[in-house]
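The residues making up each chain are set out below.
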Amino acid sequence: DTAVSQTPKYLVTQMGNDKSIKCEQNLGHDTMYWYKQDSKKFLKIMFSYNNKELIINETVPNRFSPKSPDKAHLNLHINSLELGDSAVYFCASSQYEGTEAFFGQGTRLTVV
Amino acid sequence: AQSVTQLGSHVSVSEGALVLLRCNYSSSVPPYLFWYVQYPNQGLQLLLKYTSAATLVKGINGFEAEFKKSETSFHLTKPSAHMSDAAEYFCAVRGPNDMRFGAGTRLTVKP
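Residue numbers (our numbering), protein chains in the order written: chain L, 1 to 112; chain C, 1001 to 1111.
A few of these clues could be false.
[Said to hold, decoys possible] Okay, derived cross-link-like pairs now, DSSO-like style, lysine-lysine, Cα gap no bigger than 27 Å in a straight line:
{"#": "1", "chain 1": "C", "residue 1": "K1049", "chain 2": "L", "residue 2": "K41"}
{"#": "2", "chain 1": "C", "residue 1": "K1049", "chain 2": "L", "residue 2": "K40"}
{"#": "3", "chain 1": "L", "residue 1": "K40", "chain 2": "C", "residue 2": "K1110"}
{"#": "4", "chain 1": "L", "residue 1": "K71", "chain 2": "C", "residue 2": "K1049"}
{"#": "5", "chain 1": "L", "residue 1": "K44", "chain 2": "L", "residue 2": "K67"}
{"#": "6", "chain 1": "L", "residue 1": "K22", "chain 2": "L", "residue 2": "K9"}
{"#": "7", "chain 1": "L", "residue 1": "K71", "chain 2": "L", "residue 2": "K44"}
{"#": "8", "chain 1": "C", "residue 1": "K1069", "chain 2": "L", "residue 2": "K36"}
{"#": "9", "chain 1": "C", "residue 1": "K1049", "chain 2": "C", "residue 2": "K1069"}
{"#": "10", "chain 1": "L", "residue 1": "K36", "chain 2": "L", "residue 2": "K67"}
{"#": "11", "chain 1": "L", "residue 1": "K44", "chain 2": "C", "residue 2": "K1068"}
{"#": "12", "chain 1": "L", "residue 1": "K67", "chain 2": "L", "residue 2": "K19"}
{"#": "13", "chain 1": "C", "residue 1": "K1049", "chain 2": "C", "residue 2": "K1068"}
{"#": "14", "chain 1": "L", "residue 1": "K40", "chain 2": "L", "residue 2": "K22"}
{"#": "15", "chain 1": "L", "residue 1": "K22", "chain 2": "L", "residue 2": "K67"}
{"#": "16", "chain 1": "C", "residue 1": "K1069", "chain 2": "L", "residue 2": "K44"}
{"#": "17", "chain 1": "L", "residue 1": "K44", "chain 2": "L", "residue 2": "K22"}
{"#": "18", "chain 1": "L", "residue 1": "K71", "chain 2": "L", "residue 2": "K52"}
{"#": "19", "chain 1": "C", "residue 1": "K1058", "chain 2": "C", "residue 2": "K1068"}
{"#": "20", "chain 1": "C", "residue 1": "K1058", "chain 2": "L", "residue 2": "K41"}
{"#": "21", "chain 1": "L", "residue 1": "K41", "chain 2": "C", "residue 2": "K1110"}
{"#": "22", "chain 1": "L", "residue 1": "K19", "chain 2": "L", "residue 2": "K9"}
{"#": "23", "chain 1": "L", "residue 1": "K44", "chain 2": "L", "residue 2": "K9"}
{"#": "24", "chain 1": "L", "residue 1": "K9", "chain 2": "L", "residue 2": "K52"}
{"#": "25", "chain 1": "L", "residue 1": "K19", "chain 2": "L", "residue 2": "K44"}
{"#": "26", "chain 1": "L", "residue 1": "K9", "chain 2": "L", "residue 2": "K41"}
{"#": "27", "chain 1": "L", "residue 1": "K44", "chain 2": "C", "residue 2": "K1110"}
{"#": "28", "chain 1": "L", "residue 1": "K19", "chain 2": "L", "residue 2": "K41"}
{"#": "29", "chain 1": "L", "residue 1": "K52", "chain 2": "L", "residue 2": "K67"}
{"#": "30", "chain 1": "L", "residue 1": "K40", "chain 2": "L", "residue 2": "K52"}
These aren't lab readings, by the way, just hints derived from the structure by calculation.
Starting from the given sequences, assemble the full structure and let the hints guide the process.
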């Protein structure tokens, strides 16, 4: 059983399109995250949700909208995709402060 | 705010040599520190974590790290590198609502 699963693994789309990435965790964690990893491997947090409530929004463009229907799911919708959105997006979850985060396998988004 | 800095974006060692990857932290409270490894085209896997129990922390695959408050460091070591250790390594510090990562260190292992 995969602890944190993301779909799709690869996503190739044209500029201007809208796309969604789904994330589910079966660990019973209260907190979920979205991270963006750029071409230089730098990991930047985008959003943090705790019990379906948005906790962190790190100066991410409004085109990015996370949605958490329940505490096991955190989806990421992106409107009007731009070339600069090309990256690997990681979903992660953790329990409470001090514990490690568990990561999904990532979604490689390529905007052409 | 808590943060970590990894010294050296690329480290190259010979197979069998000591691996030393450096990480310094900045935190106003006792930190929770982690090392993760990322193999190509994969997600991040936890190597080890420091949560104030013991300053020397042992992890998977023969890695260990020592927490040194006086030096604000949490360096990762392995006595003898294997080819399979070639990957990207990330140091991270846990905050109340997130986990902040260093810029990563790419480890290359030469035969």
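Hints, verified against the model:
1. Between C/K1049 and L/K41 the alpha-carbon distance is near 21 Å, which keeps this suggested pair within the 27 Å criterion.
2. For the suggested pair C/K1049 and L/K40, the alpha carbons sit about 24 Å apart, so the restraint of at most 27 Å is met.
3. At most 27 Å may separate the alpha-carbon atoms for a hinted pair to count; L/K40 and C/K1110 meet this at roughly 22 Å.
4. Between L/K71 and C/K1049 the alpha-carbon distance is near 25 Å, which keeps this suggested pair within the 27 Å criterion.
5. Distance hint between L/K44 and L/K67 is fulfilled; the C-alpha atoms sit about 19 Å from each other, no more than 27 Å.
6. Between the alpha carbons of L/K22 and L/K9 the distance comes to roughly 10 Å, so the proposed pair stays at or under 27 Å and holds.
7. Distance hint between L/K71 and L/K44 is fulfilled; the C-alpha atoms sit about 22 Å from each other, no more than 27 Å.
8. Distance restraint check for C/K1069 and L/K36: the Cα-Cα separation of roughly 30 Å exceeds the 27 Å cut-off, and the hinted pair is therefore not satisfied.
9. At roughly 15 Å between alpha-carbon atoms, C/K1049 and C/K1069 fall within 27 Å of each other, so this suggested pair holds.
10. Restraint check: the Cα-Cα separation between L/K36 and L/K67 comes to about 16 Å, which is no more than 27 Å; the hinted pair holds.
11. For the hint linking L/K44 to C/K1068, the alpha-carbon distance of about 26 Å falls within 27 Å, and the restraint holds.
12. For a cut-off of 27 Å, the pair hint linking L/K67 to L/K19 stands: about 13 Å separates their Cα positions.
13. The straight-line distance between the Cα atoms of C/K1049 and C/K1068 is roughly 14 Å, inside the 27 Å bound, and the hint therefore holds.
14. With a C-alpha separation of about 24 Å, the suggested pairing of L/K40 with L/K22 holds against the 27 Å cut-off.
15. For a cut-off of 27 Å, the pair hint linking L/K22 to L/K67 stands: about 10 Å separates their Cα positions.
16. Among the hinted pairs, C/K1069 with L/K44 is consistent with the structure: their alpha-carbon atoms are about 26 Å apart, no more than 27 Å.
17. As the CA atoms of L/K44 and L/K22 are separated by approximately 18 Å, the hinted pair is consistent with the 27 Å bound.
18. Note on L/K71 and L/K52: the hinted pairing holds, with a Cα-Cα distance of about 5 Å set against a maximum of 27 Å.
19. With a CA separation close to 15 Å, the supplied pair C/K1058 and C/K1068 stays within the 27 Å bound.
20. For the suggested pair C/K1058 and L/K41, the alpha carbons sit about 25 Å apart, so the restraint of at most 27 Å is met.
21. A hinted pair counts as satisfied when its Cα atoms are at most 27 Å apart, and L/K41 with C/K1110 qualifies at roughly 22 Å.
22. A distance of roughly 13 Å separates the Cα atoms of L/K19 and L/K9; the hinted pair therefore holds under the 27 Å criterion.
23. Taking the CA atoms of L/K44 and L/K9, the gap is near 19 Å; set against the 27 Å cutoff, the hint holds.
24. Restraint check for L/K9 and L/K52: the C-alpha separation of about 24 Å stays at or below 27 Å, so the hint holds.
25. For the proposed pair L/K19 and L/K44, the alpha carbon gap of about 20 Å is at most 27 Å, so the pair holds.
26. Of the pairs offered as hints, the one joining L/K9 and L/K41 holds, with about 17 Å between alpha carbons and a cut-off of 27 Å not exceeded.
27. Of the pairs offered as hints, the one joining L/K44 and C/K1110 is violated, with about 30 Å between alpha carbons and a cut-off of 27 Å exceeded.
28. Between L/K19 and L/K41, the direct Cα distance comes to roughly 22 Å. Compliance with the 27 Å bound is thereby established for this hinted pair.
29. Distance hint between L/K52 and L/K67 is fulfilled; the C-alpha atoms sit about 8 Å from each other, no more than 27 Å.
30. A threshold of 27 Å between alpha carbons decides the hint, and for L/K40 with L/K52 the separation of about 31 Å lies outside it, so the pair is violated.
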